[in-house]
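Between the sequences and the hints, there should be enough to build the whole structure, so can you do that?
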Amino acid sequence: MNSISGFLGSRPDYRQAVYTLVRLGLPVLVTQLGSIVVSMADTMMVGDYGTPELASAAFVNNLFMVPIVMQMGFAGGLTPLVGALYGRGKFVEAGQLLRTGIRLNMILALLILLVMGSVYFFLDKMGQPSELLPLIRPYYLIVLGSVVIGGLFFPCMQMAMGVTDTTTPMIIIVVCNVQNVIGNYLLIFGHAGCPELGLAGAGLSTLLARITCAAAMFGVILVHKRYRPYRPGLRQGAAPGQWRQLTGTSVPVMIQAGIEASLWSMGAIVCGWYGKEQLAAYQVVLVIGQLGFMTYMSFATATSIRVANLTGVDDRAGIRITALAGLHLNLALATAASLTFLLTGRTLLGFFSEDSSVVSVALGLIIPLVLYQFADAVQMTYVNALRGTSRVKPLIAISVVSYIVIGIPVMLLLASVLQMYSVGVYYSFSAALLVAAWLYRRSFRKVLRQPLAATSE
Numbered sequence: 001m002n003s004i005s006g007f008l009g010s011r012p013d014y015r016q017a018v019y020t021l022v023r024l025g026l027p028v029l030v031t032q033l034g035s036i037v038v039s040m041a042d043t044m045m046v047g048d049y050g051t052p053e054l055a056s057a058a059f060v061n062n063l064f065m066v067p068i069v070m071q072m073g074f075a076g077g078l079t080p081l082v083g084a085l086y087g088r089g090k091f092v093e094a095g096q097l098l099r100t101g102i103r104l105n106m107i108l109a110l111l112i113l114l115v116m117g118s119v120y121f122f123l124d125k126m127g128q129p130s131e132l133l134p135l136i137r138p139y140y141l142i143v144l145g146s147v148v149i150g151g152l153f154f155p156c157m158q159m160a161m162g163v164t165d166t167t168t169p170m171i172i173i174v175v176c177n178v179q180n181v182i183g184n185y186l187l188i189f190g191h192a193g194c195p196e197l198g199l200a201g202a203g204l205s206t207l208l209a210r211i212t213c214a215a216a217m218f219g220v221i222l223v224h225k226r227y228r229p230y231r232p233g234l235r236q237g238a239a240p241g242q243w244r245q246l247t248g249t250s251v252p253v254m255i256q257a258g259i260e261a262s263l264w265s266m267g268a269i270v271c272g273w274y275g276k277e278q279l280a281a282y283q284v285v286l287v288i289g290q291l292g293f294m295t296y297m298s299f300a301t302a303t304s305i306r307v308a309n310l311t312g313v314d315d316r317a318g319i320r321i322t323a324l325a326g327l328h329l330n331l332a333l334a335t336a337a338s339l340t341f342l343l344t345g346r347t348l349l350g351f352f353s354e355d356s357s358v359v360s361v362a363l364g365l366i367i368p369l370v371l372y373q374f375a376d377a378v379q380m381t382y383v384n385a386l387r388g389t390s391r392v393k394p395l396i397a398i399s400v401v402s403y404i405v406i407g408i409p410v411m412l413l414l415a416s417v418l419q420m421y422s423v424g425v426y427y428s429f430s431a432a433l434l435v436a437a438w439l440y441r442r443s444f445r446k447v448l449r450q451p452l453a454a455t456s457e
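Residue numbers (this note's numbering): 1 to 457.
Since the hints were made in silico from the structure, they are not lab data.
Think of the CB as a built atom: it goes at the ideal place given N, C-alpha and C, for glycine as much as any other residue.
Don't take each hint at face value.
[What the hints assert, rightly or not] List time: in silico DSS-like cross-link candidates among lysine-lysine, alpha-carbon distance up to 27 angstroms: (1) K90 with K393; (2) K125 with K90; (3) K90 with K225.
[Said to hold, decoys possible] Pair by pair, the computed Cβ-Cβ distance ranges are: (4) R15 with G127: 51 to 61 angstroms; (5) L418 with A215: 45 to 55 angstroms; (6) R15 with L110: 45 to 55 angstroms; (7) C194 with G127: 44 to 54 angstroms; (8) L418 with L133: 28 to 38 angstroms.
As structure tokens, then:
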């Protein structure tokens, strides 16, 4: 308990808060940067293989963005609850919570498998170019197979983060990312005696890498000495009220994450209405944009972990300082990302596609991409701070207003009515994120006026 108390402190000042977030967030940042590199390599290799393959991958990946982000969001409900138990030294209860989390996440994974399996039969009704369907269908089925794997990996990863172990997921994901890149090289182009599978090869490589990730993460929890205090709870059944407690936290986070991701998935569908070049350009810039999004997520995740620990002891002053430090870190990253997009955008685009029409469309998306970076950094900081407090019910209403009531109509207005196409899609993201940033910040300030320790009991 002394080590935990030392880690938490009583009321950390701003400098200590920044130091703690950097210490927690750097392993997550390395993980995210590794994911960005793999995503970029994926897109480069598929784009090098052909524009139809790039457009097909864009459509399927964005279609699956919603359910996979919902899986991650549902598993993310573990982080504040485990973090609060960790802060109070209740290790057995944390292990029980992980067991409950794995069961609930596997149930969700099977439901998503059923829903997305049904969607497969309607792919030809979504207005995409007909020549892409022979590429879309097999790739879709391969990506569908990875859904169940997330039901094990995501809760184990969130458990690790809840107990401030951000290094283990970093190592596992980085190793699996290397495996994915090698698999892409072998299976897309047919090197070293492997079959040339094109887009399907990229899907198989990703599937195998995700299986490795899930097996490694679960194996660490089962055998590593750091997780020994949690294993008795993992072997037991759920503690009274845990199913209700976990669903009460996880379901709002899942819905919020899914609604937010749906705006970007809708963007891919809308771009596909105007041809494979618009869709391919949308995907290329989306991957480049992950340079900002994934880095903000790193320190936003650290903010959520730290807030969860402080929530366990009802330290509202510490939570307030932590959120401010997280906001400043993310705004600094937003500035760096924006300058990178402006100064190197043309060069980056050339790495992803040699199709001049795709590059030409993508160049027009750089300015709207830059515009939404700061709003994205702010909203991500405050939504994760709210998740850390476990007061997550406001997330659903805010996401509905921001991304459905505001985002989608603005997207359709700009892209279709004003015929701005993919440029209009990207400008709509700024409108939605600005509203979300303001509402999440307002909700967070309201939550801090209430006692918090009871939320994690």
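Hints the structure fails to honour: Violated: hints 2, 7.
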